[in-house]
Amino acid sequence: MQPEEAQIDDVALLKAIAGKDEKAVSQLYDRYRVVLFGLLVRILNNREEAEDVLQELFLQVWHRAGDYDPNRGRPFTWLVTLARSRAIDRLRSVASRERVANESAREVTEEVSDAVADAVRSEQRGIVTSALSQLPEEQQKALVLAYFDGLTQSEIADRLGAPLGTVKTRMRAGMMKLREVLGGKSQSFGFK
Amino acid sequence: MVHEEFKEMIPTYVLSALDGEENRALSDHLSQCAECQRELENWQATAATLSLGAQPLEPSPAVHDRIMKAIREESLQNDAESKAKANVIKFKPANTVSGRNYSSVWAIAAAVLFLITAATLFLFWQESRANNQIIAELSRELQNQRSELDRSRNFFKVMMSPGARMDELAGTNQVPEASAKLAHDKTGHAMLMANGLPPAPTGKEYQLWFIVGKKTMPGKSFSVDSSGKGMLEDQIPESARDAAIFAITLEPAGGVDVPTGAIYLRSGL
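Going down the list, the sequences are from chains A and B.
All the letters of the first sequence, read from the start, carry residue numbers 220 to 411 under our numbering.
All the letters of the second sequence, read from the start, carry residue numbers 16 to 284 under our numbering.
Honestly, the hints are just simulated from the structure, not real lab data.
Some hints could be false.
[Claimed, not checked] Computed beta-carbon distance windows for the label pairs: (1) Ser-97(B) / Met-395(A): 25 to 31 Å; (2) His-282(A) / Val-127(B): 43 to 49 Å; (3) Asp-228(A) / Ser-46(B): 27 to 33 Å; (4) Pro-382(A) / Ala-85(B): 43 to 49 Å; (5) Val-120(B) / Asp-240(A): 38 to 44 Å; (6) Asp-34(B) / Gln-353(A): 26 to 32 Å; (7) Asp-240(A) / Ala-124(B): 44 to 50 Å; (8) Arg-283(A) / Val-120(B): 41 to 47 Å; (9) Gly-238(A) / Ser-119(B): 20 to 26 Å; (10) Cys-48(B) / Arg-283(A): 20 to 26 Å; (11) Ala-49(B) / Arg-283(A): 19 to 25 Å; (12) Gly-35(B) / Asp-228(A): 18 to 24 Å; (13) Pro-76(B) / Glu-399(A): 37 to 43 Å.
[Unchecked claim] With a straight-line Cα cutoff of 16 Å, these simulated EDC-like cross-link-like pairs (lysine to aspartate or glutamate) come out: (14) Lys-219(B) / Asp-272(B); (15) Lys-242(A) / Glu-89(B); (16) Lys-396(A) / Asp-368(A); (17) Lys-84(B) / Glu-374(A); (18) Lys-239(A) / Asp-249(B); (19) Lys-360(A) / Asp-377(A); (20) Lys-84(B) / Asp-377(A); (21) Lys-242(A) / Glu-88(B); (22) Lys-235(B) / Asp-272(B); (23) Lys-172(B) / Asp-200(B); (24) Lys-242(A) / Asp-80(B); (25) Lys-84(B) / Glu-241(A); (26) Lys-396(A) / Glu-23(B); (27) Lys-239(A) / Glu-89(B); (28) Lys-244(B) / Glu-163(B); (29) Lys-230(B) / Glu-183(B); (30) Lys-201(B) / Glu-163(B); (31) Lys-196(B) / Asp-272(B); (32) Lys-239(A) / Glu-88(B); (33) Lys-84(B) / Glu-357(A); (34) Lys-360(A) / Glu-374(A).
Every residue, glycine too, gets a C-beta built ideally from N, C-alpha and C.
Please work from the sequences and hints to get the whole structure.
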């Protein structure tokens, strides 16, 4: 699962960014912009806001690349965790939540470009969607509401009309199942 | 809550789905538990794969431009600040770092230290000198006061002794405002206290005279202070004790046998 121009691995890129190499930022951006922007749009349901967060994210990477520790996870995990954390923070602000509630997810889908050209990303996405599809529907829903909609266990319980304890069990079981289905694949996502 | 309970909460924690209290408790635990920290890292990798479940989307090219512009501006600013700092550093140590200049710096420092020390000592010396002068003046003043006190005491002692007399001397036309009192007992022991006399010129002193008929007998000479006060202790000749006229003239210092100067004070006027 190697992209066509990935001669330098992600760890080396982050190291170069920590050394204030501007070109390395540009390279890292080119590698992950589509995945990260897709995630941000999915969470925020708004392209402009997702672009703002994407910009903030890469400036954060520029400032904090030195904090990245290869022993604690892959660059892909680090980037996605930072991106989602920013998006969830923004989503949980009252104004943002109100706006999201008034917007149509379908509209965003229609604005999506056909940037799924990258076969590597398509393959990875296929693996994930396949893994998710193997989960019981209620577990799938719980994970999607948490991961993409930023809801907490209590909010998910309210949304689904299920007891909180049940939701907790479903979420934990869903995550364990996901890990089981993905096996070691989650460790190979990203470019290197 | 125990360790195993925290560990079970981690899969939900990485989805940011724990509610406030549980979230805070687990965050605290994670900061203290290495095992749970490793567990967290593994679950984060699993959760991150979910991001690939979102439809990949192409952001506007403007985002890349904005990111790179912000980074370049920041870099330029940092460069400018670094250069400014470098200039400051270059400017300062130029005269201090090179070995060749150490000796001159120490020489300057030593010279400055010497000047400061010399100036301090000079000031101390000056102050000490001034203080010594003040002490000397005060000592003289004290001595004068003691002398005056002694003479006053003697004057009153004489005046209070049995058979004592006191004659008053008035200023002549030379110094009409001057006056003096002469107390003397039956032994001839006399004390003169004069006021209002002008300071005697250099080489001159006032002198007391005892005049009986046409005979003038010399007494001792004395000086006056800046306020015109003068005191004298003398012994009246036996022949002059009962009916003498007392006079004071300005004479050569140390006194003379025959009066030569003008009379400033005299009794019996």
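Consistency of the hints with the structure:
1. Ser-97(B) / Met-395(A): 25 to 31 Å: The hint (25 to 31 Å, Cβ to Cβ) is violated, given that Ser-97(B) and Met-395(A) are roughly 51 Å apart.
2. His-282(A) / Val-127(B): 43 to 49 Å: For Val-127(B) against His-282(A), whose Cβ atoms are near 47 Å apart, the range 43 to 49 Å holds.
3. Asp-228(A) / Ser-46(B): 27 to 33 Å: holds (30 Å)
4. Pro-382(A) / Ala-85(B): 43 to 49 Å: Holds, since Pro-382(A) and Ala-85(B) (Cβ atoms, about 48 Å apart) stay within the stated range.
5. Val-120(B) / Asp-240(A): 38 to 44 Å: With Cβ atoms ~42 Å apart, the hint holds.
6. Asp-34(B) / Gln-353(A): 26 to 32 Å: holds (28 Å)
7. Asp-240(A) / Ala-124(B): 44 to 50 Å: Taking Cβ atoms as reference, Asp-240(A) and Ala-124(B) lie about 47 Å apart, which means the hint holds.
8. Arg-283(A) / Val-120(B): 41 to 47 Å: holds (44 Å)
9. Gly-238(A) / Ser-119(B): 20 to 26 Å: violated (42 Å)
10. Cys-48(B) / Arg-283(A): 20 to 26 Å: For Cys-48(B) and Arg-283(A) the Cβ distance comes to about 24 Å; the hint holds.
11. Ala-49(B) / Arg-283(A): 19 to 25 Å: holds (22 Å)
12. Gly-35(B) / Asp-228(A): 18 to 24 Å: Violated: the Cβ-Cβ distance is about 39 Å, outside 18 to 24 Å.
13. Pro-76(B) / Glu-399(A): 37 to 43 Å: Hint holds: Cβ distance 40 Å, inside 37 to 43 Å.
14. Lys-219(B) / Asp-272(B): Holds: Lys-219(B) and Asp-272(B) sit about 14 Å apart, inside 16 Å.
15. Lys-242(A) / Glu-89(B): holds (15 Å)
16. Lys-396(A) / Asp-368(A): violated (20 Å)
17. Lys-84(B) / Glu-374(A): Violated - the C-alpha atoms of Glu-374(A) and Lys-84(B) are around 40 Å apart, more than 16 Å.
18. Lys-239(A) / Asp-249(B): violated (108 Å)
19. Lys-360(A) / Asp-377(A): At roughly 13 Å apart (the allowed maximum being 16 Å), Asp-377(A) and Lys-360(A) satisfy the hint.
20. Lys-84(B) / Asp-377(A): violated (45 Å)
21. Lys-242(A) / Glu-88(B): Holds, because 15 Å separates the two Cα atoms, which is no more than 16 Å.
22. Lys-235(B) / Asp-272(B): Status holds; Cα separation ~10 Å.
23. Lys-172(B) / Asp-200(B): Holds - the C-alpha atoms of Asp-200(B) and Lys-172(B) are around 9 Å apart, at most 16 Å.
24. Lys-242(A) / Asp-80(B): holds (13 Å)
25. Lys-84(B) / Glu-241(A): holds (10 Å)
26. Lys-396(A) / Glu-23(B): Distance ~14 Å between Lys-396(A) and Glu-23(B) Cα, so the pair holds.
27. Lys-239(A) / Glu-89(B): holds (11 Å)
28. Lys-244(B) / Glu-163(B): Cα-Cα ~10 Å, so holds.
29. Lys-230(B) / Glu-183(B): violated (20 Å)
30. Lys-201(B) / Glu-163(B): violated (23 Å)
31. Lys-196(B) / Asp-272(B): violated (23 Å)
32. Lys-239(A) / Glu-88(B): holds (13 Å)
33. Lys-84(B) / Glu-357(A): violated (45 Å)
34. Lys-360(A) / Glu-374(A): holds (13 Å)
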